[in-house]
Amino acid sequence: MKPFAYILLAIVVLAVAPAGAQNTAPQINFDSAANALTLPDDVYLGEVAGVATNSRGDIFVYTRTGHPYLSLGTARPFAHNGSRLFQFDRTGKFTRELGQGMYGFLFAAQVRVDPQDNLWVVDQMSGMVIKFDTQGRVAMLLGRKPEAVNNPPRAGGAGAAGGGGEGGGGREAGPPPGAGRAQDVFDRPTDVAWDAQGNIFVADGLGNARIAKFTKDGVFVKSWGQRGMAPGQFANVRSIAVDAQGNVYAADGGNGRVQVFDNNGTFKTEIKNLGNPQALCLTTGANPVLYVSNSNPPTDIDTAGEIYKMRLDGTMLGKFGRAGKLPKEFGTVNAIDCRTENTLYVGEIGNLRVQKLTLH
Amino acid sequence: MTRYRAAACAAVLLLATGSLVAQQKATITGVPDIPFTPVPNFLKLPPNENLGESVAVATNSKGNIYVYHRRDTTRLFEFDRNGNFLREIGKGYYGFEFAHSVRVDKEDNIWTVDEGTNMVTKFSPEGKVLMVLGRRPPAVNGPVIFPVGPNPPAQKYQFCRPTDVGWDPQGNIFVSDGYCNNRVVKYDKTGRFVAQAGSEKAGKGLGEFNLPHGLQVDERGQVWVADRTNFRYQVLDNNLKPIKEITNLGVGWTVCISPGPHQYVFHSNSNPNGNTPGSWDITGEIYKTELDGTVIGKFGKPGKVAPGFQVVHMMDCRNPNEIILGEIESWRVQKFILQATPASRSAAR
Chain Y
5 MKPFAYILLA
15 IVVLAVAPAG
25 AQNTAPQINF
35 DSAANALTLP
45 DDVYLGEVAG
55 VATNSRGDIF
65 VYTRTGHPYL
75 SLGTARPFAH
85 NGSRLFQFDR
95 TGKFTRELGQ
105 GMYGFLFAAQ
115 VRVDPQDNLW
125 VVDQMSGMVI
135 KFDTQGRVAM
145 LLGRKPEAVN
155 NPPRAGGAGA
165 AGGGGEGGGG
175 REAGPPPGAG
185 RAQDVFDRPT
195 DVAWDAQGNI
205 FVADGLGNAR
215 IAKFTKDGVF
225 VKSWGQRGMA
235 PGQFANVRSI
245 AVDAQGNVYA
255 ADGGNGRVQV
265 FDNNGTFKTE
275 IKNLGNPQAL
285 CLTTGANPVL
295 YVSNSNPPTD
305 IDTAGEIYKM
315 RLDGTMLGKF
325 GRAGKLPKEF
335 GTVNAIDCRT
345 ENTLYVGEIG
355 NLRVQKLTLH
Chain H
101 MTRYRAAACA
111 AVLLLATGSL
121 VAQQKATITG
131 VPDIPFTPVP
141 NFLKLPPNEN
151 LGESVAVATN
161 SKGNIYVYHR
171 RDTTRLFEFD
181 RNGNFLREIG
191 KGYYGFEFAH
201 SVRVDKEDNI
211 WTVDEGTNMV
221 TKFSPEGKVL
231 MVLGRRPPAV
241 NGPVIFPVGP
251 NPPAQKYQFC
261 RPTDVGWDPQ
271 GNIFVSDGYC
281 NNRVVKYDKT
291 GRFVAQAGSE
301 KAGKGLGEFN
311 LPHGLQVDER
321 GQVWVADRTN
331 FRYQVLDNNL
341 KPIKEITNLG
351 VGWTVCISPG
361 PHQYVFHSNS
371 NPNGNTPGSW
381 DITGEIYKTE
391 LDGTVIGKFG
401 KPGKVAPGFQ
411 VVHMMDCRNP
421 NEIILGEIES
431 WRVQKFILQA
441 TPASRSAAR
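These protein sequence lines are chains Y and H, in that order. Per my numbering, the very first residue in the first sequence carries number 5; after that it's consecutive. Per my numbering, the very first residue in the second sequence carries number 101; after that it's consecutive.
Calculated directly from the structure, the hints in this document are not laboratory data. Keep in mind that a hint or two might mislead.
Here are the simulated lysine-lysine pairs, DSS-like style, with alpha carbons at most 27 Å apart [to be verified]:
(1) K401/H x K144/H
(2) K332/Y x K289/H
(3) K162/H x K304/H
(4) K344/H x K256/H
(5) K125/H x K401/H
(6) K332/Y x K135/Y
(7) K228/H x K97/Y
(8) K144/H x K344/H
(9) K360/Y x K344/H
(10) K191/H x K360/Y
(11) K206/H x K332/Y
(12) K228/H x K301/H
(13) K256/H x K332/Y
(14) K125/H x K256/H
(15) K97/Y x K191/H
(16) K404/H x K125/H
(17) K332/Y x K222/H
(18) K360/Y x K228/H
If the Cβ cut is set under 7 Å, some of the chain H residues that face chain Y in the computed set are [claimed, not checked]:
(19) K191
(20) V229
(21) M231
Every beta carbon over 10 Å from chain H, so not counted as near; a handful from chain Y, in silico [what the hints assert, rightly or not]:
(22) D46
(23) R80
(24) G86
(25) M129
(26) G232
(27) G236
(28) Q249
(29) G250
(30) N291
(31) L316
(32) D317
(33) E345
(34) G354
(35) L356
(36) R357
In this text, all values refer to a predicted model and were calculated from it rather than measured experimentally. Backbone N, C-alpha and C fix where the C-beta goes; we use that ideal spot for every residue, glycine too.
Input sequences plus hints: build the corresponding full structure.
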């Protein structure tokens with residue numbers, strides 16, 4: 005072997021090593037409530053992309069319930085439906101469906117509730133962030149659903165509908181790969197969060213690899229990030245959260261880390277050895293903690309799956325769970341609600357369910 | 101891939117109709133006919149309800165009947181033992197797109213196999229989702245372009261147009277997979293991968309498959325596979341090692357094994373889709389056999405008009421003397437009362 009090859013090998017080893025998840029964290033004991041949600045006979049959850057609670061304890065679930073329909077016999081193929089938004093009361097009893105037939109509900113990405121109890125829905129395929137007020141009325145929209153679906157999908161593109169959108173950098177001359185443009189056009193966005201002033205942060209996310217910041221009125225401020233491995237770059241942005249000081253935490257799943265930025269997107273630090281961070285949740289209050297899910301890939305339940313609990317500086321407090329199909333096991337966690345520190349709602353892609361967890 | 105397979109089949113049909121017909125025709129001879137009585141208008145649907153391609157039918161321990169069929173969307177209907185409509189399960193459910201199989205396990209859980217979503221779903225008797233195997237291709241990736249070239253490698257937890265499901269007495273789960281993979285997969289009862297036989301590649305050897313289209317497990321834990329495009333059935337042990345093949349019963353569309361201390365196996369040499377000229381003369385019959393392979397008798401023949409069979413796709417044989425058939429091309433489910441096999445005949449193996 006030539007010296008160059010040794011160097012290459014060393015680089016490979018160094019690059020691979022951090023991808024493994026941290027195994028030294030103590031185990032946290034926990035339980036999963038049986039039948040956390042009660043569904044009517046004709047309502048089924050699909051892949052649960054998002055779960056969130058409001059201040060009254062109402063539970064919202066944004067789920068991929070069926071696939072978008074393409075209409076035939078039209079000038080272009082148009083996509084309709086595919087995801088639904090359900091509300092449950094604090095006991096888990098089904099209350100109602102919100103946004104039935106909504107134009108932007110194609111492929112659920114996330115649902116979050118802001119401090120004022122407004123409901124925010126992120127859709128990966130329509131590329132939209134939809135804000136509902138507490139009455140369930142549409143209050144603001146970011147992004148625009150692509151008019152029609154590219155069929156076949158663009159070469160190398162991610163989504164048929166979202167892929168190669170106008171904001172999709174890297175497929176055209178201009179911004180670096182994944183950087184997007186200075187506008188609210190997203191390419192497979194994944195999540196949304198707010199700072200104390202109400203500024204909006206969108207994780208844009210899987211097609212792009214950036215975070216976009218808007219004022220509380222939806223005016224574009226800036227965006228940062230592009231596809232890559234360096235600090236401030238992302239393999240993807242799967243989830244974000246903002247702390248009381250306005251720092252932004254971004255789950256860079258493909259790079260096996262959580263990156264922390266200040267309120268203007270300046271890189272501060274990174275938390276590594278987390279496997280594949282896919283879902284993030286930050287508690288509020290005097291001693292906030294961060295939950296990070298090392299989600300297993302949907303194609304494999306024999307690896308990963310655990311959720312980490314840590315201080316905001318990355319100090320590990322413990323971990324719990326593993327991939328699998330039984331209660332207390334996880335099938336590709338995509339959402340964590342942590343309004344109460346030791347009572348979590350977890351939404352799973354692989355098991356089509358929400359679990360309510362109590363940590364001991 | 102199936103499109104290519106279909107094209108290849110068509111080519112074979114044009115060039116060498118004789119050999120294909122020879123394979124469709126069961127080579128066994130001298131099999132006695134089992135007398136049977138059809139139950140006319142067995143399933144009674146409410147006004148404005150109808151069945152689509154009734155590819156899957158199964159009963160639970162109370163005799164309730166589940167029909168998993170391809171209508172406007174794929175639907176799962178439940179009927180009582182007399183054929184009266186009770187309810188629909190899984191309306192709008194994510195795992196339903198293109199029905200292929202429904203089976204009921206010993207605890208009366210209902211399992212669906214959907215070859216449109218690549219998902220196998222376990223429903224409780226109440227109709228709630230308890231477990232899913234496989235993942236639906238994400239819509240955000242856009243329309244699935246028909247794969248060209250060899251099938252991608254089969255993965256532990258993903259299916260490619262799966263076809264059927266069964267369980268051994270310990271509750272291990274077996275899935276036949278399918279139209280683009282060519283394998284049988286074993287999972288433990290919690291859904292963890294244990295083993296597979298076959299692969300993404302079609303093959304003719306023992307333990308290889310070419311469209312494993314139906315699957316059942318007997319009380320000994322042996323796995324029976326209808327290896328359709330190989331025109332045979334294969335029997336595997338509980339760890340999926342091949343034991344034997346059965347090549348004299350025609351095409352090998354689907355298999356049913358009755359429960360209880362004395363199990364019978366039903367094999368359907370279903371007539372092909374499209375009803376090509378002459379196909380009704382050599383296909384369509386269902387064989388009843390012992391577990392050891394002794395052929396007891398046969399019954400039925402193709403036909404558009406009841407009680408003819410129109411591409412039998414699945415059989416229920418919970419009571420081996422009452423067979424319920426799901427058919428593709430007549431959008432119906434039929435029930436037949438068979439004359440019981442005399443004990444002396446069974447004993448005379």
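Structure-based check of each hint:
| no. | hint | in the structure |
| --- | --- | --- |
| 1 | K401/H x K144/H | holds (24 Å) |
| 2 | K332/Y x K289/H | holds (16 Å) |
| 3 | K162/H x K304/H | violated (40 Å) |
| 4 | K344/H x K256/H | holds (25 Å) |
| 5 | K125/H x K401/H | holds (13 Å) |
| 6 | K332/Y x K135/Y | violated (32 Å) |
| 7 | K228/H x K97/Y | holds (15 Å) |
| 8 | K144/H x K344/H | violated (41 Å) |
| 9 | K360/Y x K344/H | violated (48 Å) |
| 10 | K191/H x K360/Y | holds (25 Å) |
| 11 | K206/H x K332/Y | holds (25 Å) |
| 12 | K228/H x K301/H | violated (35 Å) |
| 13 | K256/H x K332/Y | holds (22 Å) |
| 14 | K125/H x K256/H | violated (36 Å) |
| 15 | K97/Y x K191/H | holds (19 Å) |
| 16 | K404/H x K125/H | holds (20 Å) |
| 17 | K332/Y x K222/H | holds (18 Å) |
| 18 | K360/Y x K228/H | holds (17 Å) |
| 19 | K191 | holds (5 Å) |
| 20 | V229 | holds (6 Å) |
| 21 | M231 | holds (5 Å) |
| 22 | D46 | violated (5 Å) |
| 23 | R80 | holds (13 Å) |
| 24 | G86 | violated (6 Å) |
| 25 | M129 | violated (4 Å) |
| 26 | G232 | holds (23 Å) |
| 27 | G236 | holds (26 Å) |
| 28 | Q249 | holds (34 Å) |
| 29 | G250 | holds (31 Å) |
| 30 | N291 | holds (37 Å) |
| 31 | L316 | holds (32 Å) |
| 32 | D317 | holds (35 Å) |
| 33 | E345 | holds (30 Å) |
| 34 | G354 | violated (7 Å) |
| 35 | L356 | violated (6 Å) |
| 36 | R357 | violated (7 Å) |
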